[in-house]
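Please model the complete structure; the sequences and the hints are all you need to start from.
Our numbering puts the first residue of the sequence shown at 2, with every later residue one more than the last.
Quick caveat, the hints were computed from the structure, so don't treat them as lab data. Be careful, since some hints might not be right.
Heads up, simulated EDC-like pairs for lysine to aspartate or glutamate below, C-alpha to C-alpha not over 20 Å straight-line [unchecked claim]: (1) Lys68 / Glu128; (2) Lys97 / Asp69; (3) Lys97 / Glu126; (4) Lys97 / Glu218; (5) Lys68 / Asp143.
Label-pair restraints from in silico Cβ distances [unchecked claim]: (6) Gln246 / Glu288: 39 to 49 Å; (7) Gly137 / Ile292: 18 to 28 Å; (8) Ile292 / Glu48: 21 to 31 Å; (9) Ala315 / Ala254: 25 to 35 Å; (10) Ala224 / Gly278: 33 to 43 Å; (11) Ala309 / Gln10: 37 to 47 Å; (12) Asp106 / Arg222: 20 to 30 Å; (13) Ile292 / Asn135: 41 to 51 Å; (14) Gly137 / Gly290: 41 to 51 Å; (15) Leu220 / Ala315: 55 to 65 Å; (16) Thr306 / Leu262: 32 to 42 Å; (17) Pro60 / Thr306: 57 to 67 Å; (18) Ala224 / Leu299: 28 to 38 Å; (19) Thr306 / Glu12: 16 to 26 Å.
We put the CB at the ideal spot given by N, CA and C, even for glycine.
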Amino acid sequence: MKRNIPVTQVERDYPAEERLISETDLRGIITTANASFCAVAGYSREELVGKPHNIVRHPDMPSAAFKDMWDTIQAGERWVGIVKNRCKNGDHYWVKAFVSPVLEDGKIIGYRSVRRKPTREEIREAEELYRRMNSGEQGLLDTLGALRRRESLGERLGTLGQVALMLAWPAAVAIAMAVAATVGLPPAVLWAIAGMGGIVGAGLGVAIYRWQTAPLEALARVATAFERGDLTARIDLPGRSRYAQIARSINLALDGVEIALADTSQMLDGLRRGEFGRRITVTLPGEMGLIKESANRLAEEIEATITALNAQLAALADGQLDAHQRAFTGEGHFRE
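Pasting the structure below:
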């Protein structure tokens, strides 16, 4: 594992509203890094893009945690975890990372990490977990296994399997009753078989109903949260069923909306603070991509205008306003 040194064990704080966003290719090479990520980590964008994402890996992080992350996202699932990262100067910062595959035509083409500030309790729990992992304890982190174990029987069967089960059960009960009658069992036994078959069949019906409606209920919960303005809600439906695949697609779309709004908000806030170099860098599809381009063009125009104004003020201070005014007017600045 790459070991980045030195470390100072000094924690770097950052505002809770910041979203540290980056994307990588399939090998973990950084392709985009937003301004918040660069600022907190202490690197320029040029120092990050084209480098392995482990450039910010802190030596206190166990390698098993990153193996767990890679196993999860390469399987197409979303990984969530508390991570201690290293700044360029050796300080560190904690993040709650949401890492998802980026899909194109159903294929994974890269990975996206959206990181926010964790709570102190989450940090304390992570420190204890990683201390135990670094001391050699095994099996403490198995995100993919936990997701797979949460798959219900209905998800494993699929819709066709559920229908087949419902059709097969009455036939199985009828066969059992026929066999019982053939061997001469008393009527009470036959009625018992029929009764048990009916009870189990009703239970199967309820289970299948729940299997079918659970995804819709999960979607409704997310829609309600989204309506309230909570952009962090996601459909919690792991597995390999068609419903789970649709849920992942919806979650990725919600990621895109949250990222677009977060990056736009951070860019505008940066302009307010005089940080004119902020841009939306994350990959966004369709209409969100057009919004990204428009917002970035606006930021560039504002930066150019402010630069021109600063030059005018500097010229005024030097007593050269007339010459600079003519130059800016000739180049098209400040035209009506």
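If any of the earlier hints don't hold here, list their numbers in rising order. 4, 6, 7, 9, 16, 17 and 19
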